[in-house]
Amino acid sequence: MELTNRETWAALHGMVFGSLFLLAFAGGLAGLWSLRPEWVTISGLRERMLRLKLGVTSMALIAWVTVITGTWIVYPWYRAAPPQGTTDFTDYPRSLLLATPGKEDWHTFGMEWKEHIAWASPILATAVAFIVLYYGSQLIVDKRLRMLTIGLFVAAFAAAGVAGLLGALITKAAPVQ
Amino acid sequence: MATMGSRLEGGRTAEDVRWTAEELELVEKANGPAAAALMGAGLGVFWLGLLTTLNEASTKIHDWLIFDEGVGPLSGKTIVAVVLWLGSWAVLSVPLWRRNISYGMVIAVTVAFLAMGFIGTFPKFFELFAE
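Chains V and U, in that order, are what the protein sequence lines are. All residue numbers in the first sequence are consecutive under our numbering, ending with 177. All residue numbers in the second sequence are consecutive under our numbering, ending with 308.
So here's chain V without its partners, still in its complex pose (with noise of 0.2 Å):
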């Protein structure tokens, strides 16, 4: 049971970073949207305004964390193109895809779409942990910020999961190794 250089990257990149940003995302929401005069104490909206900006603040940094080493460390294997004659494209994912009737799309459309969405999810964290930051309490009295903030938090949710969701069935149809 051994994973090689490239499958212990491959694995960072998606089973631990991205999964991690997909799975802090429910306590960021849970956290943003509970920030309600009406539903606790004041020294209980302190505390929770204290775990939230630890928490939407480590997202964004999981988040670009993730985007950059899917880039820069793991999609140059993906996209390698195999020297001239190669038959077996085990160790060429884009060309697999490409090479096999019926995987073309998990290319031309999957990946595509992938690669590029995914780049939208730091950038609408980064703004969200700014606007967390930067007001901190003053969320908790502002219901119209807090709204707009939680809307850009689920669309930065919503661009790592489709980029997610295709890089796992990707994988399976062609894993980097």
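Hints are supplied without guarantee of correctness; some may be wrong.
Stated by the list, open to error - Sample of chain U residues with no beta-carbon within 10 Å of chain V, all distances over it, derived:
| id | residue |
| --- | --- |
| 1 | 239 |
| 2 | 271 |
| 3 | 306 |
Said to hold, decoys possible - PhoX-like, lysine-lysine: derived pairs with alpha carbons at most 20 Å apart:
| id | chain 1 | residue 1 | chain 2 | residue 2 |
| --- | --- | --- | --- | --- |
| 4 | U | 301 | V | 53 |
| 5 | V | 172 | V | 103 |
| 6 | V | 53 | V | 143 |
| 7 | U | 301 | V | 143 |
| 8 | U | 301 | V | 103 |
To be verified - Short, incomplete list of chain V residues facing chain U, as computed with Cβ under 10 Å:
| id | residue |
| --- | --- |
| 9 | 1 |
| 10 | 117 |
| 11 | 122 |
| 12 | 135 |
Simulated from the structure, these hints should not be mistaken for lab results. Just so it is clear, CB atoms sit at the ideal spot from N, CA and C, and this is done for glycine as well.
Starting from the structure of chain V, add chain U where the hints point.
Same frame as chain V, now just chain U:
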């Protein structure tokens, strides 16, 4: 007096909100920085979509965007989009920093740029422009 968020929740009165704001020791901040962050994020996604589509539409742009041979044009698309996003955010922040902006306008601008950006990154759309 920090009375922001005049829209009340849970049937509370304006007095209740004022009390909560005071108890939280809030110093009201203008919503301009948030507006700049929100519209800047929309612009960031828009730049990403625009570069993705331009990459398909022009071989010259495609070749220019190859900042790294291993990553291909995705390297240029992402680096340029991030630089443009940070630049847009900074440019928007300067005039908006101490101002209060209509949330309606912020929502309209942000949603419009986000929608255009997401459409621009969708393969069935940008392939229409393939050179």
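So, going through the hints one by one against the coordinates:
no.	hint	in the structure
1	239	holds (14 Å)
2	271	holds (15 Å)
3	306	holds (13 Å)
4	U:301 <-> V:53	violated (38 Å)
5	V:172 <-> V:103	holds (11 Å)
6	V:53 <-> V:143	holds (17 Å)
7	U:301 <-> V:143	violated (37 Å)
8	U:301 <-> V:103	holds (17 Å)
9	1	violated (29 Å)
10	117	holds (5 Å)
11	122	holds (9 Å)
12	135	holds (6 Å)
Checked against the numbered hints above, the structure breaks hints 4, 7 and 9 and satisfies the rest.
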